[in-house]
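Protein chains: 2
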Amino acid sequence: MCKGKRSWELCVDFHGHECLGLAIGYRQALRALELLGVEKAEDEELVAIVETDACGVDAVQVLTGCTLGKGNLIYKDAGKMALTLANRKTGQAVRLIKKDNVLPEDDHFRAVREKIDSDLATKDDWQEWAKIQKERVQQYLTLPPETIIEEKEVPMPQVPKARLFQTIICSACQEPFSEGKARVKDGQIVCSDCFQEYTRGW
Amino acid sequence: MCKGKRSWELCVDFHGHECLGLAIGYRQALRALELLGVEKAEDEELVAIVETDACGVDAVQVLTGCTLGKGNLIYKDAGKMALTLANRKTGQAVRLIKKDNVLPEDDHFRAVREKIDSDLATKDDWQEWAKIQKERVQQYLTLPPETIIEEKEVPMPQVPKARLFQTIICSACQEPFSEGKARVKDGQIVCSDCFQEYTRGW
Numbered sequence: 021m022c023k024g025k026r027s028w029e030l031c032v033d034f035h036g037h038e039c040l041g042l043a044i045g046y047r048q049a050l051r052a053l054e055l056l057g058v059e060k061a062e063d064e065e066l067v068a069i070v071e072t073d074a075c076g077v078d079a080v081q082v083l084t085g086c087t088l089g090k091g092n093l094i095y096k097d098a099g100k101m102a103l104t105l106a107n108r109k110t111g112q113a114v115r116l117i118k119k120d121n122v123l124p125e126d127d128h129f130r131a132v133r134e135k136i137d138s139d140l141a142t143k144d145d146w147q148e149w150a151k152i153q154k155e156r157v158q159q160y161l162t163l164p165p166e167t168i169i170e171e172k173e174v175p176m177p178q179v180p181k182a183r184l185f186q187t188i189i190c191s192a193c194q195e196p197f198s199e200g201k202a203r204v205k206d207g208q209i210v211c212s213d214c215f216q217e218y219t220r221g222w
Numbered sequence: 021m022c023k024g025k026r027s028w029e030l031c032v033d034f035h036g037h038e039c040l041g042l043a044i045g046y047r048q049a050l051r052a053l054e055l056l057g058v059e060k061a062e063d064e065e066l067v068a069i070v071e072t073d074a075c076g077v078d079a080v081q082v083l084t085g086c087t088l089g090k091g092n093l094i095y096k097d098a099g100k101m102a103l104t105l106a107n108r109k110t111g112q113a114v115r116l117i118k119k120d121n122v123l124p125e126d127d128h129f130r131a132v133r134e135k136i137d138s139d140l141a142t143k144d145d146w147q148e149w150a151k152i153q154k155e156r157v158q159q160y161l162t163l164p165p166e167t168i169i170e171e172k173e174v175p176m177p178q179v180p181k182a183r184l185f186q187t188i189i190c191s192a193c194q195e196p197f198s199e200g201k202a203r204v205k206d207g208q209i210v211c212s213d214c215f216q217e218y219t220r221g222w
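First to last, the protein sequences are chains A and B.
Taking our numbering, I'd label the letters of the first sequence as residues 21 to 222.
Taking our numbering, I'd label the letters of the second sequence as residues 21 to 222.
Hints in this document: simulated from the structure, not taken from any laboratory.
One or more hints might be untrue.
For identical chains, the list gives no copy identity; a pair is met inside one copy or between any two copies.
Claimed, not checked - Dumping the calculated DSS-like pairs for lysine-lysine here, alpha-carbon to alpha-carbon at most 30 Å: (1) Lys172 / Lys96; (2) Lys96 / Lys201; (3) Lys96 / Lys143; (4) Lys201 / Lys172; (5) Lys119 / Lys96; (6) Lys119 / Lys25; (7) Lys181 / Lys109; (8) Lys119 / Lys151; (9) Lys60 / Lys154; (10) Lys172 / Lys119; (11) Lys135 / Lys154; (12) Lys151 / Lys60; (13) Lys25 / Lys154; (14) Lys151 / Lys109; (15) Lys25 / Lys60; (16) Lys143 / Lys60; (17) Lys109 / Lys154; (18) Lys201 / Lys119; (19) Lys135 / Lys25; (20) Lys135 / Lys96; (21) Lys181 / Lys201; (22) Lys96 / Lys181; (23) Lys201 / Lys135; (24) Lys154 / Lys201; (25) Lys143 / Lys172; (26) Lys60 / Lys172; (27) Lys135 / Lys181; (28) Lys119 / Lys135.
Sequences are here, hints too, so could you generate the full structure?
Laid out in structure tokens, this is it:
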């Protein structure tokens, strides 16, 4: 970790900006680490399953060390703001999901959002919207975990460790690629770019 | 960015450890930014297409600001160590792919790798392997770009900006989820966990 930077700032640096979605992932990732009593994974000792590809996933990557490139971040396409974090050493796993409607939406909030959604928003409306969002992020970062997160222990997910594949050369375009993605065309080994997919839609 | 840390260290912090795969993504991401004359994206002003989910993707996320959670990182499942980086403001895009067999593999390298692959490696073998890997990473980080990367301008990829969806509540499990993932069962709106997928394999 980058010493001297708070964990929230590290997430904002990585994501590029502050937003509520990032704050949701931030709170879930920190809470999951706390529940398992572990720190960020150097290698694949932790595994995370996220159920959305929204902003919060970036905080999960930064804080848990379960990243896209390391193969210990698994995507379940359910559209839920949920994180399962599992410790391969102990077999312990927890699933956390965002509670709905935690931050109140008053008349002012709704009025500004309506303008923003209408495509008629002025520069002032956008500034007001940014101010509201910033306040909501700060609020979300300080709420007690039990008010924003449903959490439970779950069975250890069976996720094999990431695999390495040989690199081979496509006989058509000559580009190197992973053997696991190879196809065959006219008796030659080719990459998926050089293979014409054939389907009748079934 | 975290001031005072070199960009390589930032990537290693995020990924959790040094490895050759990370170095490949690091060199490609820095070179792509240089070719486009841009810096890390705060929001979605850049878009990246990666053609593998291997280690290097983590360096791409850290350096370009094209991240999983921001929706400006697109996955093409080709198994190639390739990165397309595009600038939405100018319509300029470049594709970079790793050149194959850049680092020489001498007899010593092959002998140690054979032991590692055999599952009979001793602690000393593993230490020697780690030392070799560290040297190869350092070597890769210093090679001139033209020796390790094939690069070319490509047409601007047509990638729509990330979309937000309403959150709705599953009528069965009561969990909040994204409307875009909703299914219908017995006339009720349910999430994918509560919907029984039916298929005959076609």
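Within a copy, between copies, both or neither: where do lysine 143 and lysine 60 come within 30 Å Cα-Cα? Between copies, since 25 Å is at most 30 Å while 41 Å is not.
With identical chains treated as interchangeable, where does the CA-CA distance between lysine 151 and lysine 60 reach 30 Å or less: within a copy, between copies, both, or neither? Classified as between: cross-chain Cα gap 24 Å, same-chain 32 Å, threshold 30 Å.
State whether the alpha carbon distance between lysine 96 and lysine 181 is at most 30 Å within one copy, between copies, both, or neither. So lysine 96 and lysine 181 pass the 30 Å test inside a copy (17 Å) and across (21 Å) alike.
Please sort lysine 201 with lysine 172 into within, between, both or neither, judging by C-alpha distance up to 30 Å. between (38 Å within a copy, 23 Å between copies)
Is it within a copy, between copies, both, or neither that the alpha carbon of lysine 135 lies no farther than 30 Å from that of lysine 25? neither (36 Å within a copy, 41 Å between copies)
When Cα atoms must be at most 30 Å apart, do lysine 109 and lysine 154 count as within-copy, between-copy, both, or neither? Between copies, since 26 Å is at most 30 Å while 39 Å is not.
Have a look at lysine 151 and lysine 109 and pick one of within, between, both or neither, based on CA distance no larger than 30 Å. between (44 Å within a copy, 26 Å between copies)
Intra- versus inter-copy proximity for lysine 135 and lysine 119 (alpha-carbon distance at most 30 Å): This pair counts as within: shortest intra-copy Cα distance 27 Å, inter-copy 51 Å.
Treating 30 Å as the Cα threshold, decide for lysine 154 and lysine 201: within, between, both or neither. between (44 Å within a copy, 28 Å between copies)
Within a copy, between copies, both or neither: which one fits lysine 135 and lysine 96 at a CA-CA cutoff of 30 Å? neither (34 Å within a copy, 37 Å between copies)
Identical-chain pair category, lysine 181 with lysine 109, by Cα at 30 Å: Classified as within: same-chain Cα gap 13 Å, cross-chain 39 Å, threshold 30 Å.
Within a copy, between copies, both or neither: where do lysine 143 and lysine 172 come within 30 Å Cα-Cα? neither (44 Å within a copy, 39 Å between copies)
Of the hints listed earlier, those the structure fails to meet are numbers 3, 19, 20 and 25, in rising order.
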